[in-house]
Amino acid sequence: MAKTKYYQALTRALREEMQRDERVILMGEDVGESGGIFAQTRGLYATFGANRVRDTPIAENGFVSAAVGAAMTGLRPVVEIGFEDFVTACMDPLVNQAAKLRYMLGGQVGIPLLLYTFGGGGVNAGPQHSQSLAAWFAHVPGLKVIQPSTPTDVLGLVKSGIRDDNPVICLLSKKLIGSAGDVPDLGTDHLVPLGKADVKRAGHDVTLLCAGQMVQAGLKAASLLAEEGIEAEVIDPRSISPLDMETVLASVLRTGRLCVVHEAHGFFGLGAEVIASVCEAGVPLKAPPRRVTPPFAPSPFTPSLEALYLPSPERIAQTVRAMLEPA
Amino acid sequence: MAKTKYYQALTRALREEMQRDERVILMGEDVGESGGIFAQTRGLYATFGANRVRDTPIAENGFVSAAVGAAMTGLRPVVEIGFEDFVTACMDPLVNQAAKLRYMLGGQVGIPLLLYTFGGGGVNAGPQHSQSLAAWFAHVPGLKVIQPSTPTDVLGLVKSGIRDDNPVICLLSKKLIGSAGDVPDLGTDHLVPLGKADVKRAGHDVTLLCAGQMVQAGLKAASLLAEEGIEAEVIDPRSISPLDMETVLASVLRTGRLCVVHEAHGFFGLGAEVIASVCEAGVPLKAPPRRVTPPFAPSPFTPSLEALYLPSPERIAQTVRAMLEPA
Amino acid sequence: MKSRAFNVSVPGAQGAGISADVARRLFRTMCEIRRFEEVASERYKLGELPGFIHLSLGQEACAAGACATLERGDYITSTHRGHGHCLAKGADPARMMAELFAKAQGYGKGRGGSMHIADVAAGVLGANGIVGQSMGLGIGAALSLQVQGRNNVVIAFFGEGASGAGIAHEAMNMAAIWKLPIIFFCEANAFAELSPFGTHVSVPDVAQRAAAYGFPGITVDGEDVFAVYATVRQAVERARRGGGPALVEAKTFRWHGHYEGDPQNYKSDADHAKAQTFDPISLARQQAADVPGLKAHELDDIESKARGRIDAAAAWAAGLQSPPASALTEDVYAEA
Amino acid sequence: MKSRAFNVSVPGAQGAGISADVARRLFRTMCEIRRFEEVASERYKLGELPGFIHLSLGQEACAAGACATLERGDYITSTHRGHGHCLAKGADPARMMAELFAKAQGYGKGRGGSMHIADVAAGVLGANGIVGQSMGLGIGAALSLQVQGRNNVVIAFFGEGASGAGIAHEAMNMAAIWKLPIIFFCEANAFAELSPFGTHVSVPDVAQRAAAYGFPGITVDGEDVFAVYATVRQAVERARRGGGPALVEAKTFRWHGHYEGDPQNYKSDADHAKAQTFDPISLARQQAADVPGLKAHELDDIESKARGRIDAAAAWAAGLQSPPASALTEDVYAEA
Ligand SMILES: Cc1ncc(C[n+]2csc(CCOP(=O)(O)OP(=O)(O)O)c2C)c(N)n1
Ligand SMILES: Cc1ncc(C[n+]2csc(CCOP(=O)(O)OP(=O)(O)O)c2C)c(N)n1
Ligand SMILES: [Mg+2]
Ligand SMILES: [Mg+2]
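Protein chains in written order, with the numbering used here: chain P, 1 to 327; chain E, 328 to 654; chain Y, 655 to 990; chain S, 991 to 1326.
If we strip away everything but chain P, and leave its shape as in the complex, we get (with noise of 0.2 Å):
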């Protein structure tokens, strides 16, 4: 085990897998020479040079589409979009072309390709660089999404994610880019499979699943929780698609709880889905199920604001509370 900051993981995942398969390519805006905004390519292209580390124009759309045309003919691309919000600029490519080819071509192409990008609120970065739109991508068949939150799912993530055959989002967490966590020694290929949801800490009296940062958040409030003797069990779905409803359903069924927290809207949101599945499966409640998420409005820039805005350790457990009260 070694400590790794979350940025240096995803470095190391891009390393590995450029190294281990010669058709994995690196592109998007300033990810070569200068190393990535957030230093998060330092080194690639020193190793892999300029053909297979290129810096784009700032094209999103296009340069999507190109990487969907490299999937066609023998390149594994990947691709950052530096912050989530600007994805709604490749939209198109992502959705009408990458998800869709494989089925629309009879099966003739697949489009092996990873876009990572950093999401999420916390930085004070404000209405156009804090979106977190987990819930459109999943809402594609086609497209799988994966929302790593420690610098171990980021490494083991990626690289599954790279591995894997279909386009797949990489949604990262801006404000964990500088958090460390251990991760396995450099020389042990970690990969973690997409679908499998973590259960980051065990418990019997309320299911949390958390998505994201939120994880934090979550295990936050558990320790607040534990203190007043109320355990939550904190899931992290890992991946958003495909979703691992069969560990949540297990999950629910021992604590007839289930409260979902997310940074992403709640309306039309994760907490949505989740909320929707459980209940279709029929499973027993002890209480009705609760979404904890920021209100209704963009993120907005001011500090005091986005405080309150981003759910709080101390909000996900004063949900909890209420759930556990007697009705």
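Among these hints, one or two may not hold up.
The list that follows gives simulated cross-link-like pairs (lysine-lysine, DSSO-like), each with its CA atoms no further than 27 Å apart [as the list claims (entries may be wrong)]:
hint	chain 1	residue 1	chain 2	residue 2
1	Y	K699	Y	K928
2	Y	K959	Y	K699
3	S	K1285	S	K1295
4	S	K1169	Y	K921
5	E	K330	E	K613
6	S	K1035	S	K1257
7	E	K613	E	K527
8	Y	K833	E	K332
9	P	K5	S	K1257
10	E	K523	E	K547
11	E	K332	Y	K699
12	Y	K833	S	K1257
13	P	K286	E	K613
14	P	K220	P	K286
15	E	K330	E	K547
16	E	K330	E	K523
17	P	K5	S	K1169
18	P	K286	P	K3
19	E	K613	E	K332
20	E	K527	E	K547
21	P	K200	P	K220
Residues from chain E shown here face chain P by an in silico Cβ test under 8 Å; the list is partial [claimed, not checked]:
hint	residue
22	G401
23	M418
24	F594
Pulled a few chain P residues facing chain E out of the computed Cβ check, cut under 10 Å [said to hold, decoys possible]:
hint	residue
25	T88
26	S277
27	P295
If you're looking for bench data, these hints aren't it; they were derived computationally from the structure. Heads up, the beta-carbon is just placed ideally off N, CA and C, and yes, glycines get one too.
Based on these hints, arrange chains E, Y and S with the ligands on the given structure of chain P.
Relative to the frame of chain P, chains E, Y and S with the ligands by itself:
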């Protein structure tokens, strides 16, 4: 009352609003002299001239951004995007600009813009011309989303949408373009408020929430079920955002059963949101809620497969029957 | 032969020396495209083809001339109006027809339809329903070739309507910066959907815009298959040698509506008349007289064989079965 | 004064006759921008400004020269690097500072920050965090002017990085087709984020690309505020007369990093040296000697007043209150 076709109700709404308010302009591909690819803008160019009815190049990102700029500076643009699938090309100006400008700019501006588009399936248009993306837009604060299923709702909702001071996405059904229905006579200023669902058929055994062209399928299913003595209440949300959960909750409180039908994908779709909201509200249910949607696959061109793909009255009825079976 | 050049000098096509073999091939391809589109139009009118289809009648010289310059390992990316391109690059008309008829044996297993015909093994990366994406996908294929060090090239087809899309600019700029082996081939067929050239392009010729990227741009007479061939061949050779991209614009004409069934009331009388006179196949017949070693009666023979091949393809396709219900959810994801 | 013209002839700025009044105004605006950015940089380093900010130090001549040609009823659209543009078009530095400090009195009630400063009443349609959207929003404002028959114009600012975005092409093409009253003003400041001009643009000058649309394109020395002013004035007058769009490219230089705190290890020694010598304010001081009626000591006075104004703005802003919690969900939708 007069019989009018779905697309003609659109033309009438546009004509009436352009007549009423000279700040309303229309722009899009072939909306001008040619009268539109579905004849949906016929006559508007002749009446209002090239300045207010403007053919654009095929540049959705650019001209939707332009519409937002125009809305910031005194106009009330209506924008056509022929097929809902192509809205993927202008998510950036819709989501990062139109939806957020009022908030980001401290309330200095509003974006009175209505974008209408033809979506959904049933005409063998294939994977890139049949999508239903309501869930995406509904997930974005600042946007409103309407989805009329009858000519009279087209007329009333589009007119209200144009008068709304917020950006409104109007999702029309391709399959319904030629469908006819009663609308108030010319001269009547017919407005349907945004955010109000419509009970298209009353019933007490099950609540069928059906969106867009699925309203017709739901009504047919209700007829089938009625023959068996099952009375389904068919609700058309009409607005997806804001969503009239009050009407839905009141209905489910009476029926104790909820089935949501739409042609968008189930995963992260309208059904998830509605079922989750009903469960959060703690409404007692006699059977687990259900979604009837296409499978998680692109919309196939193949007629025989598309018929299986879209929820049919029989499939809806079958789902409801199962909900009524004793557990 | 009319052809205007920007930034580059093009020798006349005749000067470039069209051999009898090439002429025969170009003529055959044009005849196959013509017949394919005629049959598609007829079958569509009969209600046998679902969905909607966009035909390239009148534009045969573009697909035939451009694709004849390519090798099998080269790629094309195409548009919603892609039948001609696919045929010319070597796709099998029978499997194409099967796709139009929505049959399991079609290139897309009947699930894609006219707008998604592809034969990846033959280098046909697909027709596409999204205007402009042919250019983005095209530079992606060219990027593959460059990264893999393959000595191949790409032709990305697009229309003058697509030239107004942002991706046209993004793709041409990237192709220039990265010196990719790609030819951007614009069929300026007088209309984009229901509107004329001037609604979409602010200058007389799309090819002018090559100067904005620093690579050659050439406008060529799209009625003249020999001119198209000679012009594209030059650009292809240059790209193959590592010379980077070029933009070729062919002035051509769309005989039919945007889609079959289009009432076309936006067309003037002159437009309708032009559809009677603008005919690359007739023109090629005339020009063929100048090609040494090519006999007039050969052309009749080629033409009737082409008809036969296409008619047989359609007859075969019409008799096939629809895909099974299981095909509905196949190929959404790779098998695990 | 160096200035190259494409498609149009530009008289030298001196030849165009800069009056003492205009010279004073240009100088004052540049000094205010300079001081604003210096103070922002200092306050940011002190940890007083949240989020991230992009400064236009070194680029003062662009904003000042371009906006001095405008009337109050004219519009500008700006970028993530927008402080200078907003100040030059007449936004209040105090309310701008308040926005940087995330205070309720800021232009965005403290919710937008540096990248979303706007003063719509003053014609400032806003800085913007999405590269390229200034051009789409800009043609939209120009469309409003055209539809409403107003005798005003728009300047859309953008960077050479943004010039590679599809929307640059879409906007310029539409502006040309519709003959909109807009000037596309490109600040080619040597970098886009961490990469040089050549990563983003395949030709030496962005202004060349105007030819692709059929309107004038001019490259001007972005260190020379008088040249910028004279060049843009000509384009603005033309647009106001109904002559349609123009593209002006100013070659300028970004002194600081892409954002404050950027380690800038992608900059060469020569780049770092250039940040010491490329100075539009020094240059203007030298040139001012040639302006009849302008005394050297006046400039000192203007400069110190400018500093005073900005310093007072910052002091005021720093002392304000954060917005109340209720602001979190205000202004998402219009009041019903
Ligand atoms: C992004 C996008 N916008 C709009 C359309 C609708 N559409 C299909 S074809 C077409 C016109 C294309 O014109 P052109 O590029 O000249 O090709 P042509 O049809 O003439 O072959 C349009 C607007 C589309 N398919 N994709
Ligand atoms: C659509 C989009 N892609 C990427 C970014 C990230 N980004 C912010 S500024 C910038 C560089 C812009 O360069 P340029 O246009 O030259 O402006 P400059 O920063 O030099 O003023 C990039 C890539 C963005 N904000 N929006
Ligand atoms: Mg065309
Ligand atoms: Mg720059």
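Hint check results:
Between K699(Y) and K928(Y) the alpha-carbon distance is near 23 Å, which keeps this suggested pair within the 27 Å criterion. At most 27 Å may separate the alpha-carbon atoms for a hinted pair to count; K959(Y) and K699(Y) meet this at roughly 24 Å. The straight-line distance between the Cα atoms of K1285(S) and K1295(S) is roughly 16 Å, inside the 27 Å bound, and the hint therefore holds. At most 27 Å may separate the alpha-carbon atoms for a hinted pair to count; K1169(S) and K921(Y) meet this at roughly 25 Å.
About 41 Å separates the Cα atoms of K330(E) and K613(E), which puts this hinted pair outside 27 Å; it is violated. Distance restraint check for K1035(S) and K1257(S): the Cα-Cα separation of roughly 21 Å lies within the 27 Å cut-off, and the hinted pair is therefore satisfied. For the proposed pair K613(E) and K527(E), the alpha carbon gap of about 23 Å is at most 27 Å, so the pair holds. A threshold of 27 Å between alpha carbons decides the hint, and for K833(Y) with K332(E) the separation of about 53 Å lies outside it, so the pair is violated.
About 26 Å separates the Cα atoms of K5(P) and K1257(S), which keeps this hinted pair within 27 Å; it holds. Under the criterion of a C-alpha separation no larger than 27 Å, the hint pairing K523(E) with K547(E) is consistent with the structure, at around 23 Å. A C-alpha spacing of about 24 Å is found between K332(E) and K699(Y), which places the hinted pair at or below 27 Å, so the restraint holds. As the CA atoms of K833(Y) and K1257(S) are separated by approximately 25 Å, the hinted pair is consistent with the 27 Å bound.
Taking the CA atoms of K286(P) and K613(E), the gap is near 16 Å; set against the 27 Å cutoff, the hint holds. Note on K220(P) and K286(P): the hinted pairing holds, with a Cα-Cα distance of about 23 Å set against a maximum of 27 Å. Proposed proximity of K330(E) and K547(E) is supported: the alpha carbons are some 21 Å apart, at most 27 Å. For a cut-off of 27 Å, the pair hint linking K330(E) to K523(E) stands: about 23 Å separates their Cα positions.
Of the pairs offered as hints, the one joining K5(P) and K1169(S) is violated, with about 53 Å between alpha carbons and a cut-off of 27 Å exceeded. At roughly 41 Å between alpha-carbon atoms, K286(P) and K3(P) are farther apart than 27 Å, so this suggested pair is violated. A distance of roughly 40 Å separates the Cα atoms of K613(E) and K332(E); the hinted pair therefore is violated under the 27 Å criterion. Distance check on the hinted pair: K527(E) and K547(E) sit about 12 Å apart at the alpha-carbon level, within 27 Å; holds.
Proposed proximity of K200(P) and K220(P) is supported: the alpha carbons are some 12 Å apart, at most 27 Å. The restraint placing G401(E) at the interface with chain P is violated, with a minimum CB-CB distance near 24 Å, outside the 8 Å limit. At a threshold of 8 Å, the smallest CB-CB gap from M418(E) to chain P is about 4 Å, leaving the interface hint in force. Interface restraint check: F594(E) against chain P, minimum CB-CB distance 6 Å, threshold 8 Å, status holds.
Given the 10 Å rule on beta carbons, the hint for T88(P) holds: about 4 Å separates it from the nearest Cβ of chain E. With a cut of 10 Å, the hint placing S277(P) at the interface with chain E holds, because the nearest CB-to-CB distance is about 8 Å. The restraint placing P295(P) at the interface with chain E holds, with a minimum CB-CB distance near 8 Å, inside the 10 Å limit.
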